[in-house]
Amino acid sequence: MTDNYRLPESGKVDRSKPLNFSFNGKDMVGYAGDTLASALLANGTRLVARSFKYHRPRGIFTAGSEEPNAMVQLRSGDHTEPNTRATVAELFDGLTATSQNHRGPLNFDLMAVNDLLSPFLSAGFYYKTFMWPRAFWEKVYEPIIRSAAGLGKLSGNEDPDQYDKGFLHCDLLIAGAGPAGLSAALSAARAGARVILAEEDAIIGGRLNAETHEIAGDSADVWAETARAELAAMPNVRIMTRTTVVGAFDHGIYSAVERKTDHLATSAGKPRQVLWRIYTKRAIVAGGATERAVAFKNNDRPGIMLAGSVRAYANRFGVATGDAVSILTNNDTGWDTARDLVAAGVNLAAIIDTRDMAPLHSFAGTSIIMGAAVADTNGRLALSSIKLTNGQTIKTDCLAVSGGWSPNVHLTCHQRGRPTWRDDIAGFVPGGELPVGQSVAGAANGDLSLGAALNSGHKLGNALAKELGLTPTKSQAAKAADEPSSISAFWHVAGEGRAWVDLQNDVTVKDIKQSQAEGFRSVEHLKRYTTMGMATDQGKTSNVLGLAIMAEATGKTIPETGTTIFRPPYTPVAMGTLGGRARGKDYAPTRLTTSHEWGAKNGASFTEVGNWMRAEWYAKQGEAGWRDSVDREVIATRKSVGICDVTTLGKIDIQGRDAAAFLNLVYSNPFLKVPVGRVRYGLMLREDGICYDDGTTARLAENHFVMTTTTANAVLVYRRLEFVRQCLCPNMDVHLISTTDAWAQFAVAGPNSRALLSKIVDDVDMSNEGFPFMACANVTVCGGTPARLFRISFSGELAYEVAVPARYGDSMIKALMEAGQEFDATPYGTEALSVMRIEKGHVVGNELNGTTTALNLGMGGMVSVKKDSIGSTLAKRELMIADDVVRLVGIRPVDKSMKLDAGAHFLERGADTTMDNDQGWVTSVAYSPTFGHHIGLGFVIRGHERHGDIIRAWDGVRGKDIEVEIVSPHMYDPEGGIQRG
Amino acid sequence: MAKFDLQETPRLGGYTKEFGDSGMVLREITELVLTSLAMPMGGKTKLTAAVKDTFGLTLPTALKSKLSTDGQTRLVQTQPDQYFCLTSKPVPSAMASVAYVTDQTHGWVGLDISGPNVREALERICPVDLDPSAFPVHAAARTTMEHLGVLIIRVSKDQFCLLSASSSAESFLHAVELSIKNVI
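Residue numbers (this note's numbering), protein chains in the order written: chain A, 1 to 981; chain B, 1 to 184.
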């Protein structure tokens, strides 16, 4: 197939670079510089899509990102992207595209039956139809609606493309590089401002590329290229093409999507798109204006297009949009289309101007009809003729419609700025409060003529440079004429039949009137009831038309009717772009202990704790499942010695003359008199008296402590301490710094821990007298490596924790294992750790769950009444210290073969399963290889007085109800003799 | 008694990589000693004098690091009354009499990134404005990149030192490496 509609001379496409592409399997040829839409039109392809609801044949309507109709499925396989606007898809060699939203071939869509059913499918159809019976909502109606909904299809597979994000900074962001944007960039950049000029299109110039204007005596696109070159040579300017500013956010922050490789056949492993966050001091919206249509019967046929777009196809792409083009306009710009088409050699059939006045021009062989409009159109799959309101019929295969221009106010609305109506241009201009630092220039501000746009951009660029403390240069705005642009509003042609307002959502004049008649009179209701202005185009070509028709139906003016406003994004953004590179395992960073590599080689299975990966157990060959490993690790630890990497616990270095006083304030139990060389367990409360965190804190020197926190709360506790330090105690001499990552720390637990460590630790009296329970010291290990030694126990065994600077961690785990070989030292993971702490009755996050008090936990005595500490006052509230609050208990099943489940609730035997009878709940459970049956911890009302009682653990979720005996939470070595060794 | 020797292992194994012929180089900084010096309340005069004596430097202010004339010591203010001291050997123990000293060497991983595309690469992860007018040589800032806390220092026009927590070193390296790959 050849491109029959390519004009011989006009256009900016590169005819030396032909590109092959296919649409619906048909091979065609276009040129570098084409969009898919221009190439399709050049090849005479009119029918490109089916409409959303009625499956009406649709063609290309615009030449830009506002396109409501011509959406295609671009590329194939996993790279396919649905709903791609053919008008912005740049052509590349090998491009494949298919039409979407039809069953059967595009020219014979079986779903077009919907069009015949249209009397039943009017506004509010879903709301009215799918109401009864209620049982059908999810099972019947929803699947039907979902299968019919949507346009294109996703591949269903993971997106193989890469995406990225980034951050940019500038004095001035200019959104749009048309005449106003370029003019502003020139004046601001010449004054020295750091400028980012973002342009949605692949080339600079905006409408200048689509018009035949002159600037400063040159053709306008030549001026645009000269301006681009001047800007590109300045180090303070960054020009970003293929970049759409999609949102205006707080504090002058904008988001923009840069399409890096969408114009190429492949991305070659680079990100396809980049989502930028742009920090600006000032911003100029120079987004131009979008043309809108006029509503008349059957105004949606392929071949009916916006007049400015028809002009763009001729001037920029060298494409004739038809063999005999006619024009319907209510303003002067429609005549620009006539002039340019004639100049390009396109056959012009007729000009119909709704204004009853003298024609602006005459063209040989072209009928000119003033004061009339189009009443109806014909042509099944493409336009063949139009019928005018004066009864005349004109053969034409392309109707170029101009209903006037709507300034692109979108970015001015993103913080609820509400546009205001201007009668002289029949359009909304930015109004209300704009986002901080934002200004508007050119057509986006209602300066619709070229001269005005150049001037307003120039002035604004200078004014903002001055605001930024820079000195504007004396340069003048480029000179251009103010071409005629007068308009007389004309919205729709009354009459029977369906006249389309919103092509993308198949909303007609009738739908709008019906919506009004049914009481949806606010524009916001109108939008939601009819779906006008929704979906990928967000009503760029239709909103104002819809409002005008609504206003007419209510007998109000447009300003009285009001307008909907816009939210980000300005144009559709793929979910992949929003996700950027944060996918799969790169969604969040991971933290690894220094024994990770060793663990991985020794059977470790890892679990996520916060961002940490912790070994949960170390499987050995022959073990049938995790329980085998965990049971073995517990038994080996209790029998001889086990080693666990506890690096992940938070470590906070606390120094200062007031360090002890500071700790005395943040912990509920006393810390003033902890001797140097001793560790103390501390309980931290929230201000409201609920437990916050717990851990041990070691006093290494008079003014130097090291606090440990739970793994999950390390950051929260640090933040809290900083708050206390900076805000509550600004006069204390105390400093904090995290050392969590600086030390690799290992628990060495079990009867042989002392013997093992004696081989590692240099010259320390490890005897009970020399280094008793809760001792700590700076030591050296393995012949001089600095280390810290703590005699603390989470397992209930004789146990130590030894810490070395992190880079020795890998070597340290190997040394410990080697030294422990003679004791059959066993590495253990978080599961064995958990089993042992449950056996011992130590609490963790399951018990410190943000609702429990020290009294609940059996640690009421740790809230000192002799001093002030955070939370101690509110911990005294009556309900928190009442006798009948829940208390921490241990439990074991009466039938020892039964498994316990965390989350079960306690009920008395024989009691009904009601909330009133609730006695508490199970927090932690484990199979205890030490006792040979399941055990658990939980909270029971007055549980401390009920040891020995039998009660039920009722689990409605799992359908279990078993009898358990309440015991002391300290099931293993309740006297503590073992750990004191 | 058997002796067990402990070996120091750089967190990223001494990673170093040149990215084709792009001129971009990424390298783990393994030779750095990192020490936090916190100023005792009322101790500014003493600390200032000691820093002058020991390193020949005045205390830095936020966002501007100070490099000693021999290039061996860099001081960065990391929060009010707290300074990071980047040296090639441990700071003299006498500093403990004028500051609360915490060894941070093992808590951090350092990456040296350099080359003609260094700004383009860092733009993908670094929210700080790295334009030379805003972030000249020796500028320093604490920020986040890919959710990780980072101390960034401009070493020269096209060279930055990035310090981040050592436990997430692999994730951090991946973030920086990917940023380079994405722009060259």
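Hints in this document: simulated from the structure, not taken from any laboratory.
One or more hints might be untrue.
What the hints assert, rightly or not - A partial selection of chain A residues facing chain B, derived with a Cβ cut-off under 8 Å:
(1) D482
(2) S485
(3) S488
(4) Q655
(5) I760
Here a beta-carbon is modelled for each residue, glycine too, at the ideal position from N, C-alpha and C.
Here's how the hints hold up against the structure:
Using the Cβ-Cβ criterion of 8 Å, the hint placing A:D482 at the interface with chain B is not satisfied: the shortest such distance is roughly 39 Å. For A:S485, the interface hint is violated, the least distance from its beta-carbon to any beta-carbon of chain B being 40 Å, above 8 Å. The restraint placing A:S488 at the interface with chain B is violated, with a minimum CB-CB distance near 50 Å, outside the 8 Å limit. The interface hint given for A:Q655 is met, as the beta carbon of that residue sits about 4 Å from the closest beta carbon of chain B, less than 8 Å.
Of the supplied interface hints, the one on A:I760 holds, with its beta-carbon coming within about 6 Å of a beta-carbon of chain B, less than 8 Å.
Of the numbered hints given earlier, the model fails hints 1, 2 and 3; all others are met.
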